[in-house]
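Asks: Take a look at the letters that make up each chain.
Protein chains: 2
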Amino acid sequence: MTLNAVLSRIDDDLDPALERLKALLRIPSISTDPAYKEACATAADWLVADLASLGVDAEARATPGHPMVVGHVGEGSPHLLFYGHYDVQPVDPLSLWHRDPFDPEVQDTPQGKVLRGRGSSDDKGQLMTFVEACRTWKAVNGSWPCRVTFLFEGEEESGSPSLVPFLKEFKDELSKPDLALICDTGLFDRDTPAITTMLRGLLGEELTVTGADKDLHSGMYGGAAMNPVRVLARIIASLHDETGRITVPGFYDGVPEITDEMRAQWEGLGFDAEGFLGGVDLSVPAGETGRSVLEMIWSRPTCEVNGITGGYTGDGFKTVLPSKASAKISFRLVGTQDPLEIRNNFRRMVQDALPPDCSVEFKDHGAGPASVMATDDPAFEKARQALSDEWEKDAAFIGSGGSIPIAGYFKQILGLDSMLIGFGLDDDLIHSPNEKYDVRSFHKGIRSWARVLDAVTR
Amino acid sequence: MTLNAVLSRIDDDLDPALERLKALLRIPSISTDPAYKEACATAADWLVADLASLGVDAEARATPGHPMVVGHVGEGSPHLLFYGHYDVQPVDPLSLWHRDPFDPEVQDTPQGKVLRGRGSSDDKGQLMTFVEACRTWKAVNGSWPCRVTFLFEGEEESGSPSLVPFLKEFKDELSKPDLALICDTGLFDRDTPAITTMLRGLLGEELTVTGADKDLHSGMYGGAAMNPVRVLARIIASLHDETGRITVPGFYDGVPEITDEMRAQWEGLGFDAEGFLGGVDLSVPAGETGRSVLEMIWSRPTCEVNGITGGYTGDGFKTVLPSKASAKISFRLVGTQDPLEIRNNFRRMVQDALPPDCSVEFKDHGAGPASVMATDDPAFEKARQALSDEWEKDAAFIGSGGSIPIAGYFKQILGLDSMLIGFGLDDDLIHSPNEKYDVRSFHKGIRSWARVLDAVTR
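Chains A and B, in that order, give the protein sequences. Take the first sequence: its position 384, counted from the start at 1, is 384 in my numbering, and no numbers get skipped. Take the second sequence: its position 45, counted from the start at 1, is 503 in my numbering, and no numbers get skipped.
Some hints here could point you the wrong way.
Claimed, not checked - Derived, one-sided and incomplete: chain B residues facing chain A with beta-carbon distance under 7 Å: (1) H675; (2) A683; (3) V742; (4) P743; (5) T771; (6) F775.
To be verified - Cβ-Cβ distance ranges computed for the label pairs, FRET-style: (7) B/R557 x A/A353: 37 to 47 Å; (8) B/Q565 x A/R347: 34 to 44 Å; (9) A/A264 x B/P813: 51 to 61 Å.
These are computed hints drawn from the structure, not numbers from a lab. Keep in mind that this is a model prediction, so the values were computed, not measured. Where a beta carbon is used, it is the ideal one built from N, C-alpha and C, also for glycine.
Extracted from the complex, chain A is given alone in its bound form:
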């Protein structure tokens, strides 16, 4: 009867739970932009205060970047570590938002109520599903279901530079839990819950090509002086061959083919590739020839340009011959691809492609390997059942195109397996203007965690 009482109380307390989330969303904790450093600290402090109000022994610990929130509470087995991140993506282009990204609002849409605002889905809304489940559990039962350690990061959207040193520094404390829960993934679709068992890794690189030592007049020098935009364009154009394969030497070392069993399960999901692409006005899969869309986004590595800039980019025209051009490039990694090896090979390839008079500088934006989860742990089956009960549909084990390197670090540094459960949807517009989180995702997310806590502590 305890679980039912908790679920019922979750239903009753949805409005105050939404208000708390809105308070957290109002804090503009953009981790990539130094201008928002203080906001990140404010978000960390907000979480410490909220956890403390639940009796958690919580604190914000300084790092060279943004603080980590660590908290401990409860007793009993299993000892769970819950991870989420309180930092959010930048909001540009701001002009495409229909309202202030940091003034969240519940809105009616044809698909139901949504909470609109930066971070509502990635990851503040998701993170709070677990906190709210715990809050209600404690309110109903007067105690915690088991021992829980909280770890909230503030640099997930900027490549987690402080994470590995932090996990190493506090290894004794953070390696004690039995299992990590990570809430930063999605449902398979609107009605199908999922546990993500394959995560792509991520390597972030920024390169700046320099030609002349200053911007030149394209009339005076054009034709005789090297143009770094042309050099950068040639490098980018050379990163893929005609079949969509990536040309960085050794890139496909450690890229496995998925098993026949996994392929069968994925085919059984009835994924609507046409609808997935059509939803963003595309129709032709743009990846490697001969691969399905699910493979392209779950089990195949990628190389994408995330941003490029050089020369005059304002209104009108300026006949400048730029001195510099730069691009941000990310690689999604799978299997046992080695991010550092790939970084080295990529940089060498770029160096080798430079014409005379050009130089290149690289900036490291993080490197995390792919993760494959330990689905033979009994907790996976218990959680799958709990999710299936809540959503009245069989939960799926799925892959994910996104990268949550934390799971790899938990395994490597803490020896800890991770279970990834989340309630985001493909149309949440995370990383885009007008990000939203379905109120249903939030509500059933909280209920799902209550069921999972109940299941794994039985």
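Put chain B on the given structure of chain A with help from the hints.
Replies: Only chain B this time, still in chain A's reference frame:
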């Protein structure tokens, strides 16, 4: 004796002449940026007032863009039309300026005194050399040397969109002069005056490639969705072949080889190609294989990327898969290359290179053909002698890599030949941060015009 009195008065009045130029330079008349529209009007009004103070019947005439300043004064033959432009280039990146671009200052440098500020060389400083020569002439003689029409444009740096309609509208009035004088070019080197007899044309294009209808998460869609930055990079990379030739179909139609005579004259100039490139930290000519640097910048056409942007370009990293990427591309044209034909062929080439799901939009940033001057007009020989007298070194007939389409329009629309005389230097940093004009260029420029006026009116 009249000329000597004028030259002597020019020497005495250099300081007030510099103060007048500084006043004009303080007006931030950036024509490409709509935010500076009012400043452009202010600059036009300043010129009208200055001309009026010399007895010129001057006015600022409205256009769909920025105003044209037109003035008439004097009597006698030949009737000269003097052209300059009062608009200036944008100033970004502002962080690279050592002082406010619109707070001009005379500074001491190892090469002598310079006037530092946006527009000091291009073209306010040059334009004022002629105005100051006229001012002194009139002060000394009490009258003008001949009939003079002034035409100051405010859109030269943004492709002169209003110029052709304006010349057509006022054709009766503006086609009366016998010869146009244009002051927007340079010395051959610090000590060698020059009359520019070949000018490259300019075609400005902006293209924006669109893939998905919104920015996407590169984890969620990366691998399956078309990335427009990659598409744009491929297009840019394809615009030149390995020998540096431009691949737009029909591009070299109308590109002449220079005559043996011209080649011999250019070789005799002792151009220091190594120093020209070395001055901006380059060493290898980047144009067509087998061409000299002077050919590359004076007599060969080019295709340059002047700016590129797409996706996230702020601090840090954002794993976005951009919806759009755009580039500003300019073509310098020579001989009888047809800008409109090249525009059509370029656009068709881009369209043909687009993969499925991508669309492209083009923006027209002006199109002007190359110009070759009528050097058999006796005024050219008179002016060459006047310049040689002032600089105590033979003046040269040279080419110019820059584009001053006005000369072509004067010929086509007004039937007017142009003579291009200017005093800029290669190290003036026009279009770049920290633009300057040598005080010597300004001073001897004023003296040069006094000598040219004296010579052509004899």
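Asks: Now tell me, hint by hint, if it's right for this structure.
Replies: Hint-by-hint comparison with the structure:
1. For B/H675, the interface hint holds, since its Cβ comes within 7 Å of a Cβ in chain A; the closest pair sits about 4 Å apart.
2. Satisfaction of the interface hint for B/A683 is found here, the shortest Cβ-Cβ separation to chain A being roughly 6 Å, below the 7 Å cut-off.
3. Interface restraint check for B/V742: the shortest CB-CB distance to chain A comes to about 4 Å, inside 7 Å, so the restraint holds.
4. Satisfaction of the interface hint for B/P743 is found here, the shortest Cβ-Cβ separation to chain A being roughly 5 Å, below the 7 Å cut-off.
5. The closest approach between the C-beta of B/T771 and any C-beta of chain A is roughly 4 Å, which is under the 7 Å cut-off, so the hint is satisfied.
6. For B/F775, the shortest C-beta to C-beta distance to chain A is roughly 4 Å, which falls under 7 Å, so the interface hint holds.
7. At about 39 Å, the beta-carbon gap between B/R557 and A/A353 stays in the expected band of 37 to 47 Å.
8. A hinted range of 34 to 44 Å holds for the C-beta pair B/Q565 and A/R347, which are about 41 Å apart.
9. Hint check: A/A264 to B/P813, Cβ distance near 32 Å, so the stated range 51 to 61 Å is violated.
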